[in-house]
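J.: The listed protein sequences derive, respectively, from chains A and B.
The first sequence begins at 2 in this note's numbering and counts up by one.
The second sequence begins at 46 in this note's numbering and counts up by one.
Hints are all accurate, no fakes.
Derived DSS-like pairs (lysine-lysine); straight-line CA-CA distance at most 25 Å:
no. : chain 1 : residue 1 : chain 2 : residue 2
1   : B       : Lys47     : A       : Lys103
2   : A       : Lys190    : A       : Lys129
3   : A       : Lys103    : A       : Lys129
4   : B       : Lys205    : A       : Lys24
5   : B       : Lys205    : A       : Lys21
6   : B       : Lys205    : B       : Lys293
7   : A       : Lys129    : A       : Lys139
8   : A       : Lys308    : A       : Lys241
9   : A       : Lys80     : A       : Lys21
10  : A       : Lys38     : A       : Lys190
11  : A       : Lys241    : A       : Lys287
12  : A       : Lys21     : B       : Lys293
13  : A       : Lys139    : A       : Lys103
14  : A       : Lys80     : A       : Lys38
15  : A       : Lys24     : B       : Lys293
Calculated directly from the structure, the hints in this document are not laboratory data.
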Amino acid sequence: MNEKATENVIEVSQISAHYKTAKQRVNALNDVNLRVKRGEIFGLLGPNGAGKTTLLSCIQGLHRPDAGSVTVAGLDVVKHDAQVKRMLGVQLQRTALMDGLKAAELIEAYAALYDTFLTREQIHSLLKRFDLVDQANKLARQMSGGQQQRLSLAIAVSTDPAIVLLDEPTEALDPGARRAVWAMIREFKEQGRTVVLTTHSMDEAESLCGRVAIMDRGRVVACDTPQQLVAGMGINPMLKGTIELPLEQVRRLAGAAAVRYTGENLEIETAQPAATLNALYELAGKHGRTLRDVAIRQPNLEDVYLKLTGYSLNQS
Amino acid sequence: MKRFWILSRSLFLSYVREPQTLFWNLVFPVFLLVIYRVVFSSGVINDADYMTWVVPGVVVLNILSFGMIGGSAFMTQMRESGVLRRLQATPTPPAMLFSAYVVVNLVACLMQTALVMAFARVAFQWTTTLTGLLISLPMILIAVIVSVALGQCISSLAPKQNTALVVGQLFYFLQMFVAGLVLPFEMLPEWLQNPARLLPAYAVGELVRTPLMDGHLSNDLLRNVLLVVTYTVIAGLLATRFFRWEAKQ
Numbered sequence: 002m003n004e005k006a007t008e009n010v011i012e013v014s015q016i017s018a019h020y021k022t023a024k025q026r027v028n029a030l031n032d033v034n035l036r037v038k039r040g041e042i043f044g045l046l047g048p049n050g051a052g053k054t055t056l057l058s059c060i061q062g063l064h065r066p067d068a069g070s071v072t073v074a075g076l077d078v079v080k081h082d083a084q085v086k087r088m089l090g091v092q093l094q095r096t097a098l099m100d101g102l103k104a105a106e107l108i109e110a111y112a113a114l115y116d117t118f119l120t121r122e123q124i125h126s127l128l129k130r131f132d133l134v135d136q137a138n139k140l141a142r143q144m145s146g147g148q149q150q151r152l153s154l155a156i157a158v159s160t161d162p163a164i165v166l167l168d169e170p171t172e173a174l175d176p177g178a179r180r181a182v183w184a185m186i187r188e189f190k191e192q193g194r195t196v197v198l199t200t201h202s203m204d205e206a207e208s209l210c211g212r213v214a215i216m217d218r219g220r221v222v223a224c225d226t227p228q229q230l231v232a233g234m235g236i237n238p239m240l241k242g243t244i245e246l247p248l249e250q251v252r253r254l255a256g257a258a259a260v261r262y263t264g265e266n267l268e269i270e271t272a273q274p275a276a277t278l279n280a281l282y283e284l285a286g287k288h289g290r291t292l293r294d295v296a297i298r299q300p301n302l303e304d305v306y307l308k309l310t311g312y313s314l315n316q317s
Numbered sequence: 046m047k048r049f050w051i052l053s054r055s056l057f058l059s060y061v062r063e064p065q066t067l068f069w070n071l072v073f074p075v076f077l078l079v080i081y082r083v084v085f086s087s088g089v090i091n092d093a094d095y096m097t098w099v100v101p102g103v104v105v106l107n108i109l110s111f112g113m114i115g116g117s118a119f120m121t122q123m124r125e126s127g128v129l130r131r132l133q134a135t136p137t138p139p140a141m142l143f144s145a146y147v148v149v150n151l152v153a154c155l156m157q158t159a160l161v162m163a164f165a166r167v168a169f170q171w172t173t174t175l176t177g178l179l180i181s182l183p184m185i186l187i188a189v190i191v192s193v194a195l196g197q198c199i200s201s202l203a204p205k206q207n208t209a210l211v212v213g214q215l216f217y218f219l220q221m222f223v224a225g226l227v228l229p230f231e232m233l234p235e236w237l238q239n240p241a242r243l244l245p246a247y248a249v250g251e252l253v254r255t256p257l258m259d260g261h262l263s264n265d266l267l268r269n270v271l272l273v274v275t276y277t278v279i280a281g282l283l284a285t286r287f288f289r290w291e292a293k294q
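Here chain A stands alone, though its shape is the one from the complex (with noise of 0.2 Å):
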């Protein structure tokens, strides 16, 4: 990897921020850092509220810190504001497009307010690459959720960015278009463009996010690829299985770190997964019982949200 490929793109340096309602004042983020490398997808995953949106926001510069810094390319965003967002590539969490015009008039209307002025040729072959051709004169208010979604990523490299933020791109979205998404996020990073995105998906980060920082109640708890984060908790893979033995007995199998009943369900945490299986089955044939719905699940970074944080991205 050369010197280029490694360098940070988007430095953001001990930042804390707030966020008012009507009922109160939110503490958004406390002492956030982060670095996010040229050429990759970071993801910032999270629940609602983690506080996502808000550093997502800091980074654009539509969101003043109350304290820190962030840096783009190297130029402050609070100071160089304008030159800042120039460089960035921008679809926020709601698509948030004028729905009175026509896909093809908002890809040129949004080129055109970063100084770039699109010829017919490049808005068809834009409106191809997200295929959208067939909605060129269609107001966005008449096209489904996944269009929009796929007319708002149009929108974002319209005017070639180095820098994609994206702030959660396929939320709401059906598996199909969701898929859809993942491939043309796939296809910035081959570009060559750096891509930032939030997402509350674990299989999103997972499957798209070369790095992850774990976000909880405004702080950044872990940052690493979402190998290395799994591999550094040490959790066990689990083994499961529908059957009715003596919980002491399972406990002394091979490779048993942790044994528990949940429902009908056996869960057992285990380092030496086919080793436990092997006894498990001739624990079953003693008591002459049968093993059933048995899976291995490998640790995933839910586990790793889990054990960082005490609760799951689903409970929260």
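We have chain A; now place chain B onto it with these hints.
T.: Okay, now just chain B, sitting in the frame of chain A:
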């Protein structure tokens, strides 16, 4: 300049493609004219027939409706749908965004005014002089500016689009009946006449009506212009002070 042009065109298109906007700003004023004609067909006000008198009033009412109801609701809707936030994320300076917005309001208001006058001319033989028309143009621009300022003040202060709509309509209908635009001022009880003269609609009504009816500037030009400027400055300052890029959470 090209950026400004494309931005203005986009705002204009998204504005006129709202069916409600088209109804309230193009169809409704014409409908109002027809109603007034039917109800007050034989009326004479200030030695002029009712239609000659009321057309400038409807022009002003329409401008007020455009700025205080339509324009304010359009801005709050852009805020609530996240469009303003998305515009803020671009490197375009806020001053350019707002200038484009004002230009769009001006153009749309002038189009509506032309439509109302043309309809009155064709349907009711309404006439004015060329001099009167030319003198009224800057007065119409003044009316648009104060109306946009009042509308933006409402949109900045109102927490939600519905509130902006209700407050805008309240001010609009209040002025419709007491500012001497469609009902003669003399019909008001005496105690109401003096406070009503302080309303912006009264001042712009006088500024626009006198040239269109009599072909010369308003007799109280300085007083009316000062009143309108005061409203514009106060509303503009409040709109700027309380402007928000995104809806309150």
